[in-house]
Every structure is written in structure tokens, then in C-alpha cells.
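Mind docking these for me? Both chains are given alone in their own frames, and the hints should help you get the complex.
Heads up: the protein sequence lines correspond to chains E and Z, in order.
The opening position of the first sequence corresponds to residue 146 in our numbering, with each subsequent residue numbered one higher.
The opening position of the second sequence corresponds to residue 13 in our numbering, with each subsequent residue numbered one higher.
Among the hints, erroneous ones may be present.
Going by beta-carbon spacing under 8 angstroms, a handful of chain Z positions derived as facing chain E [said to hold, decoys possible]: (1) 17; (2) 59; (3) 162; (4) 164; (5) 165; (6) 322; (7) 324; (8) 327; (9) 331.
In short, the hints are calculated from the structure, not lab data.
Every residue gets a Cβ at the ideal spot worked out from N, C-alpha and C, and that includes glycine.
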Amino acid sequence: MIRLEKITKVFKIGTLETPVLHGIDLHIEKGEFTTIMAPSGAGKSTLMYIIGCLDRPTSGRYFFDGKEVETLSDWELSKIRNKKIGFVFQSYNLLPRTSAVDNVLLPLIYSDNYPGNPEEKAKELLISLGLGERLEHKPNELSGGQQQKIAIARALINEPRIILADEPTGNLDTRSGLEILSIFQKLHKEGKTIICITHDREVASHARKIIHMKDGRIESVEEVEKPKDAFSALYELKAK
Amino acid sequence: MKIFRLFRESLKGLLQSKLNTSLMMLGIIIGISSLTVIVSIGEGGKAKVIERMNSFGFGSDVFLVAAGGGKFFSHRRTKATTLSFKDVEDIRQLPNAKVVATYQRQRSVRVAYKNKNKMTRLAGSTPLWQVVRKWDIVRGRFLVDEDVVGVKKVVVIGDTVVRELFGQEDPIGKHIRIKNVIFEVVGVLKKRGVTGGGHDADDRMVVPITTSAQRIFNRNYLNSIRVLVYDPSKIDITAEMARAALRKNHNLPPSVEDDFRIITAEGLLVWITRSSRTLTLMLAWISAISLLVSGIVIMNIMLVSVNERTREIGIRRSLGATKRAILLQFLMEAVLVSVIGGIIGTLLGLGIGELLPLITPVNTAVSFKPFLLAFLFSLLVGIIFGIQPARKATLLNPVEAFK
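Just chain Z, with the same shape it has in the complex (with noise of 0.2 angstroms):
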């Protein structure tokens, strides 16, 4: 083939000016390991958010009430307070309402056993709890409806505090300390392991509703309610329905926003969406201009090179080379060092969108989409602006070049 033939001498011109073709090759790799860099940063962010979700165990036929108004994950620095067990009781009313888990919770709480101890998160629910989150237990039981009627000191743990609190020891029946109250292990989560963002699902424990409200945390308000609906289709009126209740029970005029936050799988999606389609704008505007950029360094060294080369055009000229053949070995070089740029620039980026989340809190992700991008971004810079300088080349008297 002769496109393959020309290919080749392009290839070779290149490789004859090695200095050209790496100045060439910088600003686009720059441009391209940047773009690659920023979409999984892009990537990451959404991949954190979803992996939260799941962690959540949320789906379509479940939503949240959490306590505090605002932005679904925006921390919020005043405790809300008006969440209440009334609240749960409204929403058990509602008709599509299947399970209503409660919840008051704690990041960060002290346990010990024996001598050994350590910070996990802590929960108190009902037996509720594993019906919405789906979750088995290996080892005993879970909590019963009378340990919660009974206010009883049980606790169910996951499996992170056994492996480090009891090592091999058969935690069922040992008493452990949370927050200086003694709990009995009642059971074992079924492990379910760490995501790719880091979040150790087994690192909790559950207890009682009504111990963690009297001996642990000494209050009545919740953090949050989760409702398991019977028909997803119909979440959102029920959602709604919950809303206008709690804005009763919490006497809330109608010119002040909600203190809760109704969270669905839908409302979490749209809301990823809309803060990466930012973020993607930004991204499409920095590489935009690197690009624009290394095209404009590429069009000047072509158009050097070509002038540089008119003797080489003139003597492929009279050896029946005809237009389109100088035009293509041209546009080829230009596309080439681009594209080639493009594919060092993408796994330079990969390599620092792997090295970031080592030295920064910047969670990012690998997915083919660098790739294609780069391909793409690569070659359409090659050819707008490798299409000037092939032209001039085209256009050179082969006469001249002689003289």
C-alpha cells in the first residue's frame, strides 16, 4: 500500500529530528496527561460517591432521613436535634412504608475487651436494621425486640472488631466495654469487606436503640431514619408524605427549609451527575487551551521544518511524487507526533492519577475514557493543525527548491 509507504517516511522524518519531535511531543503530553489526570480525578470522585451509596445499602426502594438540613454529604457544624422517635412513628404510618429502621449513631467510639481496645463506629437500631441492610449474621444472633423493649446491653459486632479485639477468641458471650458500659456480644456481621475507597464495612457494631439513647449517648433525638417502601415506583410520594409529616412534628413554618434531608437513590444520582457535568466543563476548558496550545507548537515547528525541507520536498517532487503525496507524509508527521504524544501523555497521567491518592486525599479512578479522549483530542490536533504546514509543503515549486 502506498499510504503505508508514506507512513513510513513520515516516521522517519520524525525520527530524523529527534529535538523537533520531542519539542513537538511535550506540550501535547502535557496537555493529554493533564486531561487524563482530571477525568480520574473525575472518575474517582464519582466511584467514591457511588461505592458510599452502596455502602449506605442503598437502592431504589429505600430512602434516608438523615437529621440537619442542607446538601446530602455537606458536613453541617450545628447538631440537629429534632429528629424523634414520633417522627419514625409517622412515617410507619404512611402506607407504602414496608420497614422503618432508626438510627442514632457515632463515628468514632472507644471499645475495649481485656486489655486490647479500639475506636469503630457505633449504631443503635432495632432488629429493623438487618432487614433494610440486608445483612446476615455469621456467628449468634441479631438484636431481638426485647433487647430493645428491655433496654438490654447486647451488642452485635462486625468483623474487624473480633479480628481485633478477640483475635481467635470466640467472641460470643464475652463482655466488652463501650464507653465504660459493659455489653455482651451477642453476634457476628457476615463480612463484607473494604471498598476501593478505603471504607472498612466491617469495622461497626449495633446495638439496642434504646441502651445506645439511656447509657451511651444520653439523648432521644435520632441521626437518621431509613424506610424500606413496598413499591419503589411510589418512593418519591412517600417520600413527600414523610416530609410534610416531620415538617409538622417540627413545627416548621413554611418560609424556613427543611432540618432533615430526604435522601433517594434517584435524587443521589442526579445530584453526581450535576456536580460532575461541572467539573467536566472545567476539565473541557483546561484542556481546550493546553491543547490549543501544543497545536500552536506544532503548526510553528512543521511550518519550520517544511521550510527546512524544501530541497527534500523538490527531490521527492521530481521523483514523481505528486501533491497529496507531500500533503499526506506531512499531515501524517504532524499526526503522528500527536497522536504518539497523546498515548505517552495518558499513561503519564494514569501513572500520577495512580501516584495522587498516595499523596493526597484526591481519590481517582482508571477507566478507558482517557484513552479514547486522548486518541481523539490527539489526532484532531494533529490534523487542524498539521493541515497548514502539509499544505505550504504541497504548494513549494520544485524549482525552487533546487536553486
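So that you can see chain E by itself, here it is in the shape it has in the complex (with noise of 0.2 angstroms):
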């Protein structure tokens, strides 16, 4: 359902140019569960806004669910961002002084009416995410690995097809981190594409596809046996 050729990404300052992507070649099948796994400055970034579709490569073709995405209009990105694909990121980019709730509900301002009660449904998220008690808080009165799961909860209303992390984990704790992984590998086994950008081998390892990225180029890729699962190591930690 993702599929890149030949990607480049050019970054021009003034008439310095810097090129931070030289030629990515990808293939994401749906239901897969896939990271990209590179150390910071390689350009994983830039690749996640190309495939999340809020940037646009300099050269190479981007085919998302068999449209080529450099034909697409503003209108037309606006709206696979927004059924499409729930994006997490690494300082969960909620909105201050907005409760759990309305943060959840931010993307359906953007949406055509949605089936059923919003509201209810916003609610149902953030307790089956364990929030059930956090409902009304604001993001500055919440712990951060709590803040992420609004941010998943919130790529999550308009049920997409595809999850795009970057670091999810990065800005949490062991434990915390845990808990968002077991909730991915929860997600993927429920059928969604995952798609996570991680600098941490010890993440990375959770999925089946490790993507090895390096100064732009993807060095190899990687399949693993048997991934490690998040939800026994939490269960673990736990009992220590």
C-alpha cells in the first residue's frame, strides 16, 4: 500500500543545498508492521513526512494505496492525513490547554459527519487506553507516556489504515515505552500497518521489518524471526 521509488529529498538554504534522502526505494505491504531503524541525522524524519504525506519529495515517485501522491491536490493529502493515517510523534504534539477529550476529537473537525457519537467514541479510546480516569485532564497535568496515549488515541478516531510513528518512545521512560509498543503490536495484530522510526535497536526489534537507514540510503533490511513482545516484558517488569 506504500510504495516508494527512487525518493530524494533536497533541502535548499539559500543556495546551499543539502541533500538529506538519495534515492529511498520502499515497499510496505498492508497489515505489516515495519521500522525504520537509523541513527539521528540519517533522514528518517524526512522520510516519515514524505510517506505521512505532509511533505513532498524533490525527485522519485510516491505511490500511496496506488495513487502517485505528487498528483494529489492540498485538499486530497489533507484527507488521507486525515483518514488514513494516524500520525504519533515523539513530543506528542497534543494541543496545550485542550482536555484528553477534545484532543482526541481534534482530527473530526477536519472530517465529513462521522457515524455514531464522536464524543462516546473519543471516551472509549482513552479507556481502552487506560485514561478512563483522565478523561478532562489537559496535557500539562499528565505524565508523559500518558500524553502519547492521547496522542494514539487521537490517530486513532478516524480509524486509518496506517499508524506513522516517529520515536514514540523517545521522550519515555522504560516502562512507558513498553506500553506504547504493546499497544502497537496490539494494533497490528488487529490488522493496522504500523510504520515506526526509531534510532533504538532495542524498539526496533519489537517489529517483524527492520528498515536499516544511513545517511539517506537504506542500507538493508531486515526481517525478524521472532520479535520481542512488549506486553510480557511490561508483565515482567512488573513483577520485579
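What follows is the structure, given as C-alpha cells:
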């Protein structure tokens, strides 16, 4: 469902050109849990923004669901971001001074009519992520792990097919990180396509496929025979 | 509706930065409230003139010849003594003239009954006064020709005079003193009440003109002549003919201006609209400048706000906001601020308009005009000065927003 062909990205600052991606070829199938692993500065965030239809490549072709993204209008791209992709960022990117429920409801402002009661759905999502007691809390009243769960609920409200996560555990302690990863693994089991970007080998090994990137190129694709199970790791951590 | 959801986001955005919002509103409030005050003053002035016209008993079939040259209501320092009974006779001869009433008058004359006394308006006139003024009598009678010919010391008084001098007593047949001359009260005018501008139509007395000329004022010249015509469509011609006759009577060479004024209802209206046009122009400039300034304030604060909210814009874009949605959200914020400011400004202006007549001699009137103007102007200011910051918000690269 995601296919990149010879994608390049060059940033121009004045006359200075900084190439970030050098011809990325990538293919991600529906229902895969893929991590893109790279040290910082390798262009992995740039790649994620291109996959997430937030940025356009300098050259190369990108097919999303069979459609060539280059040809789509702002309106069509916005619709893809709204309906088909759920973003999870390292720094959560919640709106401050806005309650958990209202943050989760944000994408619906930009959607067409929503089937059912959106507020019930938002609360349901938050409750299922263990935030039932925190529905009306504002982000600054919550821990990093709780904020990231709100962000995941927000990513899920429109029932997208793809979850696109950029260092989702980067700001979290081990336990909260494992919680987030176990949520991803659960979502994966439910059939969602998950693309997770990280620099952390530990995080990456929770996926079935690891794409190693370096200096704007894909170095290798690693199939993980037995991905780590975040849920049991969490269980063990609790037992200690 | 998507637009309604965006509207709610705009409202939330404004409520979340109350300081910015109130700063932006302040300029609009000042601009629109001053606009409202000026409109109220303009309307008030107009209302006062129209009211004065009505209190003169002015209609399209009446014109007035007033002593002294110049503009309609301008105050004259020198006393014009040229309007005479001969002028009245000549006007009466004009074909279109139906009724010609003659006036001597004084604004403030002392009148006393027993131990009570008051100041009131006094007119010396003829039985025709009642005809041109279309004013009924409730008790007794009006003046008759006999009173005028016989220089009778009789007086017809208004309701206010009755109330203040006689109380519950029946004034008919009683004697009152006007400037040390004893008059018999023969009639009471029907009550017309106080007009909006505080002009009490019932605070007046009418005596025969011969009596006023010989016993009270000791002068033979008139203050005004009021002419009722048969055919209102020919009133201008009749007025012109009267003018020619009076100029001849007063021996005015062509180079000299009239020493009297001829006032028609239409002439008055033209004059009123002309004077209010200047005022309108002036207030247009004042409000334009204040609204321009407040528009610039809104634009500046919005531009800063867009910069501060780069991250928010990026988040919204990543969640599926189109450029159009971002544009609308920020544009509606600017428009909301200015329209709410406009409403507050109008209410404030109307409040000031209510207070002004209490502390200054200025007259004001409430009308729907300020509301309409305020809404239109504040809407325009919001759109014109909000579009640039809103466009800037849409041009932000969402990726940049996350760095």
C-alpha cells in the first residue's frame, strides 16, 4: 500500500543545498509492522513526513494506495492524512490547554460527518488505553506516557489503516515505552499497518521488519524472526 | 457543518489568549463607539430640527416670513424692525395666499396671577393664528376679530400656564398680569405636550396683536408672518412673489440682501440634509482613521499569534486540516474579534449617547443606523486585516512546525 521509488529530498537554504535522502526505494504492505531504524541525522524524519503526505519529495515517485501522491491536491492529501494515516510523534504534539477528549476529537473537525457519537468513541478509546480517569485533564497535567496515549487515541479516532510513529518512545521511560509498544503490537494484531521510526535497536526489534537507514540511504532490510513481545516484557517489569 | 466546527475552534483560540483578544478588541471598541456617538449626535441634531419644524406647525402648505436676514435658525444680534403690517397686507393680496397670520412675539415674558408668577412665551396675533397652527381650544374661546379691532386685553393660554398659575382653579374669566398690564383669560389651548427635545408646546400665551403692539411691546414691527396657501405645489412661486413685494416695501436695492427670511418646509429639509452631509463626511473620516488603526493592530497581533502558534498549525495540518480550513480558522478569529468588538463598541457608544445630553447641551438620538454601520465596518476590518495573517498561517510548512 506504500511504495517509494527513488525518492530524494534536498533542502535548500539560500544557495546551500543539503541532500537528505538519496534515492529511497521502499515497499510496505498492508498489515505490516515495520520499523525504520537509523541514527539521528540519517533523514528518517524527513522520510516519515514524505510517507505521511506532509512533505513532498524533491524527485522520485511515491504511490499511496496505488495513487501517485505527486499528482494529488492539498485537499486530497489532507483527506489522506485525516482518514488513512494516524500520526504519533516523539513530542506527542497535543494542543495545550485542551482536554484529553477534545484533543482526541481534533481530527474530526476536518472530517465529513462522523458515523455515531464521536465523543463516546473518543472516551471509549481513552478508556481502552487506561485513561478513563483522565478524560478532562489537560496535557500539562499528565505524564509523558499518558500524553502519548492520548496522541495514539487521536491517531485512531478516524480508524486509519496506517499508524505512522516518529520516535514514539523517545521521550518516555522504559515502562511507558513498553506500554506504547504493546499498544502498537496489539493494533498490529488487529490488522493495522504500523510504521515506526526509531534510532533504538531495542524498540526496532519489536517489529517483524526492520529497515536500516544510514546517510539518506536504505542499507538493509532485516526480517525479525521472533519479534520481542512488549506485553510480556511489561509483565516481567511489573513483577520485579 | 464543517464551517461551524471551525468557528468553534476560532472561538476557542480567542478564549485561550484573552490578553491578545482584548487588545485587538480595544481598538475596534474605541473606533466603533466613537462612530456610534457621532452618528447619534448627527441623528439627534436632525431630530431636533425636524421637531422644531413640527412645533412651528410646518407643513408643505405653509411658509414663514421671519424678520431679519441670514440663515434659517442663525441667531441675529441686531433687531430687524422692517417687517410691517403693510407687508402683511401685500402678502394677503397674493392669489395663492389663503390665510396670513401675523406675529409679534417674545420668548420670555413674566406673567402673574395672585401671588404666583412664571416666565412664558408670548405671541401677539390674530384669530388666524388658530387656523394656521391648526390648534384647538378646550375651554373658553380663541381670539376673535373684535378683540383685535378693539385692542382688547384678553389672552388665550396654554395648558402649562394654566397648571402653573391656576392649579385646579378654572382660569376662564380670571385676570392675569402680563408686564404690568391686566388681561382677562378667555380661552385655554388644547394640550400638545412636551416634545422629545424638551420643547414644551403648551408653555405659551396668545394676545391680540394690536394689544401686544400698543400695550406690551410698544412697537409696530412684526417678528414673523405665517402664510397658509391654497396650492402647496405653487408655494415657491407665492414665496417668490412675497419676497419681491417685501423687498419693494423695504426699499432694498438689488445689491442688498433680504432683511427677512422666507422659510418653506422643503427649504428647511434641503438645509438640514446639506448640513448633515458635512457632518457625515467628517464622521466618515474620523471612523475611517480609528478603524484603520484598529485594523492594523489586529493584523499585527494576529501575525504574532500565527508565529506563536506555528506548532498548532502543524498539528492541525498533520491531522487533516486543509489550507482552506487553516485560513478560515484564522480569518474567523480576526472577524470574530472585530465583530464582537463592534457590538461592544456600539453598545458603549449608545450608552455614551444616552449620557451626553445629561452633561452637555448636545442632542442625541438612537437609531438602527449605528448597529448596521458597526457590523459592516467591523466585518470589513476583520476580513481586510485578518486575511494576511490567515494566509501566512496557510503558507507555513507543517514539517517546519515540528522542528
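The hints, checked one at a time:
1. With its C-beta approaching chain E no nearer than about 5 angstroms, residue 17 of chain Z sits inside the 8 angstroms limit, and its interface hint holds.
2. Of the supplied interface hints, the one on residue 59 of chain Z is violated, with its beta-carbon coming no nearer than about 49 angstroms to a beta-carbon of chain E, more than 8 angstroms.
3. The beta carbon of residue 162 of chain Z is not positioned within 8 angstroms of any beta carbon in chain E (closest approach about 91 angstroms), and the interface hint is therefore violated.
4. Residue-level restraint check for residue 164 of chain Z is violated (minimum Cβ-Cβ distance to chain E is 87 angstroms; threshold 8 angstroms).
5. Look at residue 165 of chain Z: its Cβ only gets to about 86 angstroms from chain E, farther than 8 angstroms, so that hint breaks.
6. A least Cβ separation of about 12 angstroms between residue 322 of chain Z and chain E goes past the 8 angstroms threshold, and the interface hint is therefore violated.
7. Interface hint status for residue 324 of chain Z: upheld, as the beta-carbon distance to the closest one in chain E is roughly 6 angstroms, under 8 angstroms.
8. A cut of 8 angstroms between beta carbons decides the hint on residue 327 of chain Z: the least distance to chain E is about 5 angstroms, and the hint holds.
9. Checking residue 331 of chain Z against chain E by beta carbon gives a least distance of about 4 angstroms; that is within 8 angstroms, so the hint holds.
Checked against the numbered hints above, the structure breaks hints 2, 3, 4, 5, 6 and satisfies the rest.
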